[in-house]
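Asks: All chains should be built: construct the whole structure from the sequences, respecting the hints.
Taken in order, these protein sequences are the chains called Z and R.
Reminder that position 48 of the first sequence reads as 48 in the working numbering, one-by-one numbering, no gaps.
In short: position in the second sequence from 1, add 1000, done, that's the working numbering.
Honestly, the hints are just simulated from the structure, not real lab data.
Every residue, glycine too, gets a C-beta built ideally from N, C-alpha and C.
Heads up, some of the hints might be wrong.
[As the list claims (entries may be wrong)] Derived lysine to aspartate or glutamate pairs resembling EDC-like cross-links, with alpha carbons at most 20 Å apart:
(1) R:K1111 - Z:D38
(2) Z:K111 - R:E1103
(3) Z:K111 - R:E1110
(4) Z:K111 - R:D1102
[To be verified] If you want the footprint, here are the derived chain R segments under chain Z, 3+ residues with CB under 8 Å:
(5) 1100-1107
(6) 1110-1117
(7) 1125-1139
Number of protein chains: 2
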Amino acid sequence: MAHSHEGHDHVWADDLTRNQELVLGALAHSDAPLSAYDLLDRLRGDGLRAPLQIYRALEKLTERGLAHRLESLNAFVACADANCHRTGMIAFAICEKCGKVDEFADSAIEKRLAGWSKDAGFTTHRATIELRGLCAGCGASSPA
Amino acid sequence: MAHSHEGHDHVWADDLTRNQELVLGALAHSDAPLSAYDLLDRLRGDGLRAPLQIYRALEKLTERGLAHRLESLNAFVACADANCHRTGMIAFAICEKCGKVDEFADSAIEKRLAGWSKDAGFTTHRATIELRGLCAGCGASSPA
DNA sequence: GGCGATATGTTATTATATTACATCGTGTCG
DNA sequence: CGACACGATGTAATATAATAACATATCGCC
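Replies: In structure tokens form, the structure reads like this:
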């Protein structure tokens, strides 16, 4: 890594601000989604004190596709595919037991939604697709 | 009341409690989604005073499919199809200008998600599909 | 250095949702 | 009838999520 950063664990983009990098780092190290206040708690040691600092970083990160907001959880995850920040529709499968989130894309669904939009005259700015349930591990080990 | 309803505007089910009926009525009369606190404000005149009364009614209503929660809005709508409470996946198109919500189902999407779930070993309990954008009227009149 | 744009920091406030606990009504069973 | 279970209700307090308003700092650039 010769070109910007030396002491960092992870760098996904070389122009993140300190707060953005802290927030994204915390998200990336977590194996479950984190709420803004979870993030705040984890980053107090790094000097972050107020919710707004978290929300501002999250806003930039989600704008750039480096993090995603899970609407049904009011929580956030790092993008699974950090380098090639995805651009299209993304769907999430959220395990209600272990919290793990699986991120996937499905162009057939995307097309289908686009088709509906066209027919209805609806201009889509953004789509939210979230599945809640049990992941393979949790569903198998403890058949709810 | 001789077992169900005489003076009511709308009755979707004959076994709703008073609070549930009030909440569902308010939702049904609104042309845009309402938050729990919106509902509370509108129903103070009917004796509802505390958020919990609203949330409890909403919980029963959403369980039964008579109302739906819009995750991306933290708000609620009456089911568009009150009698035949839908059972499968439902998608929503939410206009960011006028607030109108269009509720639709798409079995192709449902199948596709089911296919993904099967492949991933994920057991889906519930799916959230929400489009944000401009409805036909708003997109046409003011091309954002 | 001066200036604009963006990022930060801090406090207070608003909005959304739940916990805990007391009460009431209705049915069942003895 | 009375005891009990159960579900709905009411109320207060609190937890959680998000934003408003304002002041300060930092960086690129001319």
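Asks: Each of the hints needs a verdict: does it hold here or not?
Replies: The hints, checked one at a time:
no.	hint	verdict
1	R:K1111 - Z:D38	violated (35 Å)
2	Z:K111 - R:E1103	holds (18 Å)
3	Z:K111 - R:E1110	holds (13 Å)
4	Z:K111 - R:D1102	holds (18 Å)
5	1100-1107	holds (count 3)
6	1110-1117	holds (count 4)
7	1125-1139	holds (count 13)
In this structure, only the earlier hint numbered 1 is contradicted, and the remaining ones agree with it.
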